[in-house]
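Colleague: Quick note, the sequences are listed as chains C and D, same order.
FYI, the numbering for the first sequence is 833 to 1164, going by the numbering used here.
FYI, the numbering for the second sequence is 833 to 1164, going by the numbering used here.
Incorrect hints may have been included.
Identical copies look the same in the list; a pair holds intra-copy or inter-copy alike.
Claimed, not checked - Below, a list of computed lysine-lysine pairs in the DSS-like style, where the Cα atoms sit at most 25 Å apart:
| # | residue 1 | residue 2 |
| --- | --- | --- |
| 1 | K1144 | K849 |
| 2 | K1144 | K1120 |
| 3 | K834 | K1033 |
| 4 | K1071 | K1115 |
| 5 | K1070 | K834 |
| 6 | K839 | K1115 |
| 7 | K858 | K1115 |
In short, the hints are calculated from the structure, not lab data.
The residues making up each chain are set out below.
Number of protein chains: 2
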Amino acid sequence: MKKIINKPDDVVNEMLKGLVLANPEKLSAVYDKRIIYRKDPYLNKVAIISGSGSGHEPDQAFYVGRGMLDAACAGPVFAAPTLDAIVDAAKIVDRGRGVLFLVKNYTGDRANFEMASEMLEFEGGPNVDTVIINDDVAVKDSTYTAGRRGVAGAMFVYKIVGAKSEEEGVNLASLKKLAMEVNDNVRSMGFALKSCTTPAKGSPTFDLGDDEIEMGVGLHGEPGRQRLKHMPANQIIKKITDSVIEDLPFICGDEVAVMINGLGGTPIGELYIAAGIVLDMLKDLKIKVFKTYVNNFCTSLDMEGCSVSLLKLNEEFKRLLESPADIPVRYF
Amino acid sequence: MKKIINKPDDVVNEMLKGLVLANPEKLSAVYDKRIIYRKDPYLNKVAIISGSGSGHEPDQAFYVGRGMLDAACAGPVFAAPTLDAIVDAAKIVDRGRGVLFLVKNYTGDRANFEMASEMLEFEGGPNVDTVIINDDVAVKDSTYTAGRRGVAGAMFVYKIVGAKSEEEGVNLASLKKLAMEVNDNVRSMGFALKSCTTPAKGSPTFDLGDDEIEMGVGLHGEPGRQRLKHMPANQIIKKITDSVIEDLPFICGDEVAVMINGLGGTPIGELYIAAGIVLDMLKDLKIKVFKTYVNNFCTSLDMEGCSVSLLKLNEEFKRLLESPADIPVRYF
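Using the sequences and the accompanying hints, generate a full structural model.
Modeller: Below is the structure:
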């Protein structure tokens, strides 16, 4: 294993430290609990927290900032954040209007967020509520999940709900309703060309032959729908996108946002090849594209491959997607 | 080789097509010449063009937009753009005030930009001038280069010169002077953990043992200064950063912008570990950090590793770095 790391145990904390040092005016951390939170002043808004295992960067610590998340709880690589980290994060970011937890559907994450909610209720506050995100159409149940998994579609939830809370100051119940509505309208599926390698294990998480791909792979290397022979991009991306389209289903006349999400080790040039294929398909189906997002949004360490997400839009979603966010992950 | 591609020969055009389809209001292309240019109206500014082989994305087609480049000429993977593409791009983007070519120092790119300049002079316009960028401190001469190579520091040149032209409308001579001044103040060096694989060859460009790293690697896999045994991040990043700091040199009291640039296959989490190390070093040296840029800015396909760039700042550079750019590569 060759990575830009020191000791495997220190990977998450050193990454979070780099993130805070690179954004000293915007972010603070509680390092021993791996909490990243906004330092800029904000008032009179429901706070938004997401959390999950690390290794999916920029998801989710790199989305903490004005117009998106107020805090992120980072677990160890591919392991849930702790109960007390979630409790502390909620207390740190609450401004008296409550906290919404946005949680991708993995059993460990759900359990800890649920226990944190119970503990906060027992302690008398802050007031919290949770929305579970489960956009992955690949499989019903999975290694770490009952029901569908939450993957890159969660980014649309963070963005839309973050903008709503920041710009329009609605209450916790309205924000929860909006988050559920976004989740109801987003679908995703991905595939892997190459497994990821966790720092602790030091070897690939799953075996994939030199000529094989895993269709519907999970964000931690969980098995997908099928293992197929490697194919040209046109065929792979069409299969993935068909599965996404058929699921909601997205139909002629719909307006969508498209996300092509790299899994960490795939160059952005290849992601744009995938984008071209998806956009041609949508044009043929007369599904209107409002905006296309192409980048590494929700990754699996150094896994190679990508996912396709579609979000069916309404005017509110469009307005909130276009609202500016000031987040640490950026170019210029 | 497993990549998200169709035929190796179609990789660049399909990528550029995806880029334009994803940004239909902002970008246009001349596909047979692999020119990407701004579609939004702009007037009364010197136009800025960069060009080089493809495979370094987002450099440079993904930086075409308001406040940065007006066009990019993309060659085939790792090969210079053609003479006539450069000539045509200059004619497309010129608004009567001339065109500045920003060219990373590779022999093939220089030759074609130089011939294009001569041809445009012979044809009577537009008026063009060229600045060669050579920020890589690793080696003096290299496989494809006489003198130092141009690497990620070029992004600082594009950004600062792009903002100056867009916001302040200076003439070609002033803009050239500014580009040279940025180039004089930026230094970079990188290293590889793993070679890239070009679509055409289908196997790694160079051999690197399972326990080896290439210090000072070039953007096309050219040999660097030394091949060393793999080391903890603290040691690798310190060596790279020391080489960068000693070269200008950057000294106590200087104010800098820092760029940690992924080479394409390295997850952003690891880049932030590198960022933390660099920022700690600069703090110890009492070199003040104005802003830190961490992402894949100038890559080598799927190469793993990163580079560190430092730019010594003045008030003008700071103002222009902070000026907004509207470019296709983005998050939200």
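Colleague: Are there hints from earlier that the structure breaks, and if so, what are their numbers?
Modeller: Violated hints: none; all satisfied.
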